[in-house]
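Numbered by my numbering, the letters in the sequence shown go through residues 1 to 708 in order.
Just so you know, these hints were derived from the structure itself, not from any lab. Errors might be hidden in some of the hints.
Derived Cβ-Cβ restraints for the label pairs, each shown as a range [what the hints assert, rightly or not]: (1) Pro246 with Val456: 43 to 51 Å; (2) Val316 with Gly156: 24 to 32 Å; (3) Ser258 with Pro157: 27 to 35 Å; (4) Asp193 with Val459: 39 to 47 Å; (5) Gly410 with Ala275: 37 to 45 Å; (6) Asp408 with Arg72: 50 to 58 Å; (7) Ala443 with Asp355: 50 to 58 Å.
Below, in silico cross-link-like pairs of lysine to any residue (SDA-like), each with a Cα-Cα straight-line distance of 25 Å or less [to be verified]: (8) Lys425 with Ala688; (9) Lys330 with Ala299; (10) Lys658 with Asp692; (11) Lys658 with Ala695; (12) Lys658 with Thr453; (13) Lys425 with Gly372; (14) Lys145 with Gly174; (15) Lys145 with Glu263; (16) Lys145 with Leu111; (17) Lys175 with Ala137; (18) Lys175 with Thr82; (19) Lys145 with Thr112; (20) Lys658 with Arg584; (21) Lys330 with Pro313; (22) Lys145 with Leu117.
The C-beta atom is built at its ideal place from N, Cα and C for all residues, glycine as well.
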Amino acid sequence: MRVNRRRSWIVLPAAALSVAALGAAVVVVVRAVSSKEAPNVADAVAVALAAVTSGVAVLGWARNRAAPRAARPDQVSAAKDTLVALVRNAWRAESMIRGLEPDPIPVVWRLTDDTGLLHHRHLIGEGSLEGVGNAVAELAGDFLKLRRRRLVITGGPGAGKTTLAIQLLLELTGKGRDPADPVPVLLSLSSWDPAAEDLHSWLTRSLERDYEALGSAEFGSGVALELVRGGHILPVMDGLDELPRPHRAAIVRALNASLDAAESYILTSRTEELAEAVEDAKQPLPSAAVIAPAPLTPADAEGYLRTCLPPAPGPVWENVLDGLRTGELKGLSQLTAAPLGLWLLRAVYIDPQADPAPLTGRLGQDPDELRGHLWDGLISVLLTTRSPGASPAGRAGPPELTPRQVWDAGQTRRHLSYLARVLGKNGTRDLAWWRLGGLVLDADERRRAATTTCLVVGVVFGMVAAFAGRLHPLVTLPVGFSAGLGVMTTTLRGFTGTPGHVSVEFRGRVRDLARQITIVLLLRILIGMVSVSGAALVADAQPGLAIEAGIWAGLALGPGLVLIQWMQQPTPLTAATTPYHAWRASRTLAVLCAAVPGVGGGVVTGLVSGLANGPWFGIRLGVLSGAFLALGLGLTMLRHSAWPAYLITTRHLAEQGKCPRDLMDFLDDAHRLGLLRVVGPVYQFRHADLQDHLAAGTRVPARPRGGA
Numbered sequence: 001m002r003v004n005r006r007r008s009w010i011v012l013p014a015a016a017l018s019v020a021a022l023g024a025a026v027v028v029v030v031r032a033v034s035s036k037e038a039p040n041v042a043d044a045v046a047v048a049l050a051a052v053t054s055g056v057a058v059l060g061w062a063r064n065r066a067a068p069r070a071a072r073p074d075q076v077s078a079a080k081d082t083l084v085a086l087v088r089n090a091w092r093a094e095s096m097i098r099g100l101e102p103d104p105i106p107v108v109w110r111l112t113d114d115t116g117l118l119h120h121r122h123l124i125g126e127g128s129l130e131g132v133g134n135a136v137a138e139l140a141g142d143f144l145k146l147r148r149r150r151l152v153i154t155g156g157p158g159a160g161k162t163t164l165a166i167q168l169l170l171e172l173t174g175k176g177r178d179p180a181d182p183v184p185v186l187l188s189l190s191s192w193d194p195a196a197e198d199l200h201s202w203l204t205r206s207l208e209r210d211y212e213a214l215g216s217a218e219f220g221s222g223v224a225l226e227l228v229r230g231g232h233i234l235p236v237m238d239g240l241d242e243l244p245r246p247h248r249a250a251i252v253r254a255l256n257a258s259l260d261a262a263e264s265y266i267l268t269s270r271t272e273e274l275a276e277a278v279e280d281a282k283q284p285l286p287s288a289a290v291i292a293p294a295p296l297t298p299a300d301a302e303g304y305l306r307t308c309l310p311p312a313p314g315p316v317w318e319n320v321l322d323g324l325r326t327g328e329l330k331g332l333s334q335l336t337a338a339p340l341g342l343w344l345l346r347a348v349y350i351d352p353q354a355d356p357a358p359l360t361g362r363l364g365q366d367p368d369e370l371r372g373h374l375w376d377g378l379i380s381v382l383l384t385t386r387s388p389g390a391s392p393a394g395r396a397g398p399p400e401l402t403p404r405q406v407w408d409a410g411q412t413r414r415h416l417s418y419l420a421r422v423l424g425k426n427g428t429r430d431l432a433w434w435r436l437g438g439l440v441l442d443a444d445e446r447r448r449a450a451t452t453t454c455l456v457v458g459v460v461f462g463m464v465a466a467f468a469g470r471l472h473p474l475v476t477l478p479v480g481f482s483a484g485l486g487v488m489t490t491t492l493r494g495f496t497g498t499p500g501h502v503s504v505e506f507r508g509r510v511r512d513l514a515r516q517i518t519i520v521l522l523l524r525i526l527i528g529m530v531s532v533s534g535a536a537l538v539a540d541a542q543p544g545l546a547i548e549a550g551i552w553a554g555l556a557l558g559p560g561l562v563l564i565q566w567m568q569q570p571t572p573l574t575a576a577t578t579p580y581h582a583w584r585a586s587r588t589l590a591v592l593c594a595a596v597p598g599v600g601g602g603v604v605t606g607l608v609s610g611l612a613n614g615p616w617f618g619i620r621l622g623v624l625s626g627a628f629l630a631l632g633l634g635l636t637m638l639r640h641s642a643w644p645a646y647l648i649t650t651r652h653l654a655e656q657g658k659c660p661r662d663l664m665d666f667l668d669d670a671h672r673l674g675l676l677r678v679v680g681p682v683y684q685f686r687h688a689d690l691q692d693h694l695a696a697g698t699r700v701p702a703r704p705r706g707g708a
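Please model the entire structure based on the sequences and the hints provided.
Given below as structure tokens:
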């Protein structure tokens, strides 16, 4: 982890000289056109505000962060305890949304007999390592008895690999957990490029991204790295099979090269893709126990479905179950050989009590058509049975399982299909809201969008200032476009930026606050000098009023500008990072960064100009200067500018009908419905098969009719 320890304090006097030069130029220009008319008061103040914006922007850019201190052992222990709670809370809620509780499918898992995957059985350790998906405690106990605690979960599509990984994670973070054991953290392998970083670097980056509470000052700096280096993390790596074939082999090689003898992991992959990765890498996964599911027989599938149905399901269901058991319905028998097929059948037909008659016809003979039919039907069924305010499937449940809004099934499918195609085109499974602009807009489109925003803000601001504020156009237009330039700069930076969060926690941050107070003194001097110069240019303003204007402007803007820099901190300790929470926190941060200088500067400017030229003039100038400071200064100081870029991207997509305007509300509701899953701060489609199906753009069949 590299840290920049340099302090470019030489930029501070350079910025002061620049502002002084700009102030001198302002004095010369305004004195040349000065008169005793009130608009010239606004002209002088507006130009002064533009000078302040330039100086403070340079100062904010020049300031570097302090060198971090290594976390103490007690801080590492506290961070580990916090991480356990965050991981368990996040994935307990996720397991409920995915329908893993209370009726998990009884899949039997046991050690594979494939000698090409299982590396020297005697090196694994004791324990049969056999368990059932609805009784995972025994399997977790066998895992803890392994010599190196390395487990690879294999199987075919829809075999329940990720489901078992989540169940193990919850069991290993439960009440019986040994505090000395590492913390299981579920990670998507799609975010690891072994050519760019090793395993430890990737784990550290993922922890800092997915659980930003670890960045709290209470834990010291670099605690995520200390957790990884100390062997306190059990990586649960999901989705090896979803990577390109060369990438899979590179993952196997990097995994073996990065691990020492004591480190453990859990890995999921389809069997065929894992065999290819091991063969291409020319090395196995040493001392790893490789397990595979026993196939679900038609009798197993029938037995599970009967437990989900009433004791007397009716003649149509009896025909379906008989056809499943005998193999007469070939497509249905093949589909229900995997846990995913059984879950889809239950979700689309059993839970909503739909008529199963279509299953006895052509659908029951073709597994591919039946799978597509069930995926499409799932969207309609979930939107119907989980309407806002209703409990899922008629059962009492937490509000996290029901959407906040009513969504049309056809539009929902179109929006999800577009997002699935975007992810597929970019070769990723992760839907990160802050990366959306980079995924859907190329470099030229991003520049055009930002430039258009700049022009719109500049023209509107300038026209309002000129006509409503009765200010001189030679001042209002440049000031307006300065505000637009601030928005444009923030937006362009935000397309590649990250989410931000607000924290006003003082504990452990006294040194940082003292450093910020040192900077505020210089800011107050600069702002005061510029404001005094601007007020002195007004013919009606007495010297005392000019000095008073400078003092109050420095008092109002200086601390506020430092505050919006200091409060941009990682997520508090109260919850794990989720996409929706990260988005809301980033939006709050952007609003505060704009509001602090906007309100402070607007109030001071309004009071000073009102004293000199009347209250109505002061109100007009205060509102306009506040808006300028919010856009041209506050947003430019936003270090985490992902939200403004997201806002522009979603408006662009909404105009084209590709996504709803309130995209995050839509994605959050899709997650509540179980169509999307949450992996840290990103969304993923519930299953790769669902993403691939929607990306293919197949026709939406009719929804199953209600009634048995």
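Outcome of the hint check:
1. Distance hint check for Pro246 and Val456: the Cβ-Cβ separation is about 45 Å, which falls inside the suggested range of 43 to 51 Å.
2. The beta-carbon spacing between Val316 and Gly156, approximately 30 Å, falls within the hinted interval of 24 to 32 Å.
3. At roughly 29 Å, the beta-carbon separation of Ser258 and Pro157 lies within the given 27 to 35 Å, and the hint holds.
4. Between Asp193 and Val459 the CB atoms are about 43 Å apart, so this pair conforms to the stated range of 39 to 47 Å.
5. For Gly410 and Ala275, the Cβ-Cβ distance of about 41 Å falls inside the hinted range of 37 to 45 Å, so the restraint holds.
6. Look at Asp408 against Arg72: about 54 Å separates their beta carbons, and that is inside 50 to 58 Å.
7. In this structure, Ala443 and Asp355 meet the distance hint of 50 to 58 Å, their C-beta atoms being roughly 52 Å apart.
8. Between Lys425 and Ala688 the CA atoms are separated by roughly 14 Å; this keeps the pair inside 25 Å, and the hint holds.
9. Restraint check: the Cα-Cα separation between Lys330 and Ala299 comes to about 14 Å, which is no more than 25 Å; the hinted pair holds.
10. Distance hint between Lys658 and Asp692 is fulfilled; the C-alpha atoms sit about 18 Å from each other, no more than 25 Å.
11. With a C-alpha separation of about 14 Å, the suggested pairing of Lys658 with Ala695 holds against the 25 Å cut-off.
12. With a C-alpha separation of about 20 Å, the suggested pair Lys658 and Thr453 falls inside the 25 Å cut-off, and the hint holds.
13. At most 25 Å may separate the alpha-carbon atoms for a hinted pair to count; Lys425 and Gly372 meet this at roughly 21 Å.
14. Proposed proximity of Lys145 and Gly174 is supported: the alpha carbons are some 17 Å apart, at most 25 Å.
15. Proximity of Lys145 to Glu263 is assessed by CA-CA distance (about 14 Å); at most 25 Å being required, the pair is judged to hold.
16. At most 25 Å may separate the alpha-carbon atoms for a hinted pair to count; Lys145 and Leu111 meet this at roughly 14 Å.
17. Under the criterion of a C-alpha separation no larger than 25 Å, the hint pairing Lys175 with Ala137 is consistent with the structure, at around 12 Å.
18. The hinted pair formed by Lys175 and Thr82 meets the criterion: a straight-line CA distance of about 14 Å does not exceed 25 Å.
19. With a C-alpha separation of about 18 Å, the suggested pairing of Lys145 with Thr112 holds against the 25 Å cut-off.
20. The suggested pairing of Lys658 with Arg584 holds, with an alpha-carbon distance near 22 Å, which does not exceed 25 Å.
21. Simply put, Lys330 and Pro313 have alpha-carbon atoms about 21 Å apart, close enough for the 25 Å limit, and the pair holds.
22. At most 25 Å may separate the alpha-carbon atoms for a hinted pair to count; Lys145 and Leu117 meet this at roughly 20 Å.
Of the numbered hints given earlier, the model fails none.
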